[in-house]
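Undergrad: Sequence:
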Amino acid sequence: MVREISAGGVVVRRQRGSWWAAVIELPAPRSANPAKSPKAVKVASKPVLCLPKGLVDAGEKPLEAALREVREETGVSGELVAKLADSKYVYQRSWGDGERVFKIVSFYLLRYGGGRINSITPEMRVEVARARWIKLDEAPKALVYGGEKQIARRAIEYLQSHPELGKQ
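The numbering of the sequence shown is our numbering, which starts it at 1 and goes up by one.
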């Protein structure tokens, strides 16, 4: 079984009395886009929302990868608050060799440091349809993957147990 090591972040900012988190929306599957395929059936579905994350490059530390991926996929930068957890799971590649992969994703709680949400390169649009802010307390329901829902809950718990972060 192949192993993959990735890292990502829950970037938060305090606005209008609430914590908000940066999330990404994945592009719609090609088959759901009638402009690309005249025979495609348009499927009404809600957007697939995820936390920004990606592979740790050779020689890169997981935190460095998380900060890079957040910047590339959302357009915003973050500053480390705490490591939240490692999410571990197995998936089967839907491309190429179809091999099973054991994946570990290290997630970090990051405080918004600057940048404009959704200000990403055209090349990144292959991976990210758009990036946006959602209320952090809505993230466990809005995110699509179970492990990421749990990470969002941990971010909420961390911020609740550290109220001083909301006053900075």
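A couple of the hints might just be wrong.
[Stated by the list, open to error] Calculated pairs, DSSO-like style, for lysine-lysine (alpha carbon to alpha carbon, straight line, at most 27 Å):
| # | residue 1 | residue 2 |
| --- | --- | --- |
| 1 | K103 | K61 |
| 2 | K167 | K103 |
| 3 | K167 | K46 |
| 4 | K61 | K167 |
| 5 | K83 | K135 |
| 6 | K61 | K46 |
| 7 | K135 | K149 |
| 8 | K149 | K88 |
| 9 | K61 | K88 |
| 10 | K46 | K103 |
[Said to hold, decoys possible] With beta-carbon atoms standing in for the labels, derived distance ranges:
| # | residue 1 | residue 2 | range |
| --- | --- | --- | --- |
| 11 | E99 | K135 | 36 to 44 Å |
| 12 | Q150 | I5 | 15 to 23 Å |
| 13 | S161 | G96 | 19 to 27 Å |
Read the hints as simulated data drawn from the structure, not as lab findings.
Cβ atoms here follow ideal geometry from the backbone N, Cα and C, with glycine treated the same way.
Undergrad: Hint by hint, note whether the structure agrees.
TA: Right, here's what the structure says about each hint:
{"no.": "1", "hint": "K103 to K61", "result": "holds (16 Å)"}
{"no.": "2", "hint": "K167 to K103", "result": "violated (36 Å)"}
{"no.": "3", "hint": "K167 to K46", "result": "violated (34 Å)"}
{"no.": "4", "hint": "K61 to K167", "result": "violated (30 Å)"}
{"no.": "5", "hint": "K83 to K135", "result": "holds (20 Å)"}
{"no.": "6", "hint": "K61 to K46", "result": "violated (34 Å)"}
{"no.": "7", "hint": "K135 to K149", "result": "holds (13 Å)"}
{"no.": "8", "hint": "K149 to K88", "result": "holds (13 Å)"}
{"no.": "9", "hint": "K61 to K88", "result": "holds (18 Å)"}
{"no.": "10", "hint": "K46 to K103", "result": "holds (26 Å)"}
{"no.": "11", "hint": "E99 to K135: 36 to 44 Å", "result": "holds (38 Å)"}
{"no.": "12", "hint": "Q150 to I5: 15 to 23 Å", "result": "holds (19 Å)"}
{"no.": "13", "hint": "S161 to G96: 19 to 27 Å", "result": "violated (43 Å)"}
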